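**Student:** If you want the building blocks of each chain, they are given just below.
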Amino acid sequence: MSRVIQYCVGIAIAAFIIFEVIVLGILLVPGGTYRTSYQATIQDKYDLLMATESPKIILVGGSNLAFGLDADMLSETTGYPVVNLGLHAGFQYLFISELAKANVGEGDIVLLGYEYNWPEAESFTTIGTDLVMTGIDDRIDLYRFLPIKQWRAVLGYLFTYAAGKGTFEEAHGLYSREGFSADGNQLIVERPGPFEPGEGFAITVPEEISAESIAYLREFKDYVEQREASIYFIAAPYAEEGITNADRLRDVAALEEGQIGIPYISDPTDYAFDHSLLFDTKYHCNEKGEAKRTELLIEDLERAGIVQY
Amino acid sequence: MVPSGRRYIVLALGGWIFYAWASPLFLIGLALVTGWTYLGGHFLTRQNTTVRYVVFFTGNILILGVYKYTAFILGSLQSLHIVGGMDGSPLMNIAAPVGLSFMIFQTCTYLGDVHHARAEAERDVVRYAAFVSFFPTVLSGPIQRSRDLLPQIRQPAAFDADVFIRGILFFLWGVFEKVCVANRLSVLVGDPPEGIEAGAAWYLVSAIAFSLYIYADFSGYSDMAIGLARMLGIHVGRNFNNPYLSRSLSEFWNRWHMSLSAWLIEYIYIPFGGNRKGTLRKYINVMIVFLLSGLWHGANWHFVVWGGLNGALVILAQILRPVRKQIAEVLGFREDSASLRFVQRVIVFVLITGTWLFFAHGVGIAVNMIRTMATAPLSAYLDPALWYAYGSASHTAVVILCTAVFLILQCKRNERSNFANVFVRQPLLAQWVVLGSMVVVCLFVYCAGYATVNTSFIYFQF
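Protein sequence lines, in the order shown, are assigned to chains Z and W. Numbering-wise (the numbering used here), the first sequence opens with residue 1 and increments by one. Numbering-wise (the numbering used here), the second sequence opens with residue 1001 and increments by one.
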């Protein structure tokens, strides 16, 4: 029997060593290949989150926040330091929300500004493996924010990630890491062109909130509140042409508030933007739109009694 | 750790827990089959008459019929307007316990062995339950004959580390077959991925892939079962013997799912007269075996068609044997020449692959696929997009490599110095590294299906 145990342990150790060599070899050699990519900005945003002391405002969501929030204006008006984690909805909200948990402290205000499709089950049960892996890249410390269930996806994508290293070309301009300030909090490159509404820009609003999303967000709310911080839903701006019945968004907001217990402090119909305030997709504001969205958010925060200025 | 005299209790308990894992309700079926055939053995011991044997044997088959074929029979009768109003009836929704067909056939061997005095009836009901629910094989075989398995449960072999290590090797090899070959090939079965046209080239690749997929899948399960059984010190025979190396269709069916073929020969073909009652009767018996085999594979008419098609091809091949021999002589092929062997194997593979289309897709789609392939110009088979069936050419190459490793090593199993014997003679460290690598490869390939990729929609998903 001892020979069998020795044999099994031998296989297990060999498998472990081979596994570690492959995984670390792929992630670290060569390191930082995707460092110029748009999604790699998430590393700067994370560093800012970790470096910012409480109380602070943490914004969690997709690109509507990256392209639609003036962090400096919000910070100056409210007096709170601001960490804007919004970058890309393709990460899936599970990953961004888990990342936000890294530094939630007493007095923090967590604002969930997810795009309107978030009630779908996939939002909190999957991750956008390609974006997450090329985003956090060789920052091994950030992989700990991936729930264990997502490790299958990471391992499954590992070789595609490795192959991509050979073909990745450095990114520049708006959709790159250099498009943001050094701390990743603010878009600093000028946004070109007006938004032209067209096919594919309709807002999809699910009929109901998936059980998975409800379960995750209830747990997230508890996590935040246990740390004596507060949490709220806020609305994302959108192209008014994208939805025929904007009142539907109010109904969904009420549903979210009722089923999850997180207060919804915005009126989503206020965030229906004329296309002159957007620039390349239904959720991306131009500079004027960004200012308007930030003003609306400040009003929402004040109306809800969350901040006074 | 468990005394050998009590090991069967752990086996029985493990088997029942394993079986109940999917659904505790399945235990009803298991208990029914165990109880019925245990009683059958008991009654046959007291008075071994053919009537008693037939009653218990058919009663056992009837359990399978009720669970697996009620909906099929009623649905068929309804479509012929013989019965009506069956939609929504609970009879149409009877859930068959997993592996019931295997369990029934295994317990039939027990009744047969007791009746033909090839084995004694088992008195201990717990030990008998351990035989029926023997967990390595209960779900998908190989079907165990009671005269082979029960004595090993009654008198377990002393623990042997070498046997256990070989068990690990077989088990991991089975996992490799399933995860790295079968699961990957299954991607090619069905509708083509985006960017590939559903034409002759895809149908050809898909048909070949299914042939290899079903082989790797079933062989993988069988090897896992064989490996697990060996770890428990129980020898379970092979279920596949390189069927695609067969030179005739009859040979193929003797090498494919060998435990089922052996069962059908012993309990259907021979009792029906086998080849003892003239040529015509032999062909009828062959056809009955294949039709029943088709029905056993699934309660659907296209499985029956698949079985019938194989039966017809086997019979036709036997009828044409003298003609084939003559053609080979005229063309100058020696009976044992490598070139003739190759041609025969290709023909067998093509024919079997053609019949698998009926098994996998049903009659209508299979006929359409065959028609498309038969009438397409040669140029239609040259579709470079097929290299990207898995998203990238390198991924496709990895699948081809895994399939090649699988086929080569399967062939090596036939040789005296098969890979298991060669493997266990290697230095311990080399064995650990090879098996450790297999575990890691299987893990990566298994995980490959779980990666969610959003890059292709990068613009619209912002």
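Bear in mind the hints are in silico, worked out from the structure with no lab data behind them. Misleading hints may appear alongside valid ones.
In silico contact screen, one side only, chain W against chain Z (beta carbon under 10 Å); selected entries [what the hints assert, rightly or not]: (1) Q1155; (2) A1157; (3) D1162; (4) I1168; (5) M1231; (6) L1378; (7) L1382; (8) L1386; (9) W1387; (10) G1391; (11) C1411; (12) V1434; (13) V1445.
Take a look, some chain W residues computed to stay more than 10 Å from chain Z by CB distance [claimed, not checked]: (14) I1009; (15) A1161; (16) E1194; (17) R1238; (18) C1447.
Quick caveat, the model's predicted, so the values are computed rather than measured. For glycine and all other residues, C-beta sits at the position ideal for the given N, C-alpha and C.
**Student:** Hint by hint, say whether it matches the structure.
**Tutor:** Hint check results:
no.: 1; hint: Q1155; verdict: violated, 20 Å
no.: 2; hint: A1157; verdict: violated, 14 Å
no.: 3; hint: D1162; verdict: holds, 9 Å
no.: 4; hint: I1168; verdict: holds, 7 Å
no.: 5; hint: M1231; verdict: holds, 9 Å
no.: 6; hint: L1378; verdict: violated, 33 Å
no.: 7; hint: L1382; verdict: violated, 26 Å
no.: 8; hint: L1386; verdict: violated, 19 Å
no.: 9; hint: W1387; verdict: violated, 15 Å
no.: 10; hint: G1391; verdict: holds, 8 Å
no.: 11; hint: C1411; verdict: violated, 26 Å
no.: 12; hint: V1434; verdict: holds, 8 Å
no.: 13; hint: V1445; verdict: holds, 9 Å
no.: 14; hint: I1009; verdict: holds, 20 Å
no.: 15; hint: A1161; verdict: violated, 4 Å
no.: 16; hint: E1194; verdict: holds, 17 Å
no.: 17; hint: R1238; verdict: holds, 23 Å
no.: 18; hint: C1447; verdict: violated, 4 Å
Going down the numbered hints, you'll see the structure goes against 1, 2, 6, 7, 8, 9, 11, 15, 18, while the others check out.
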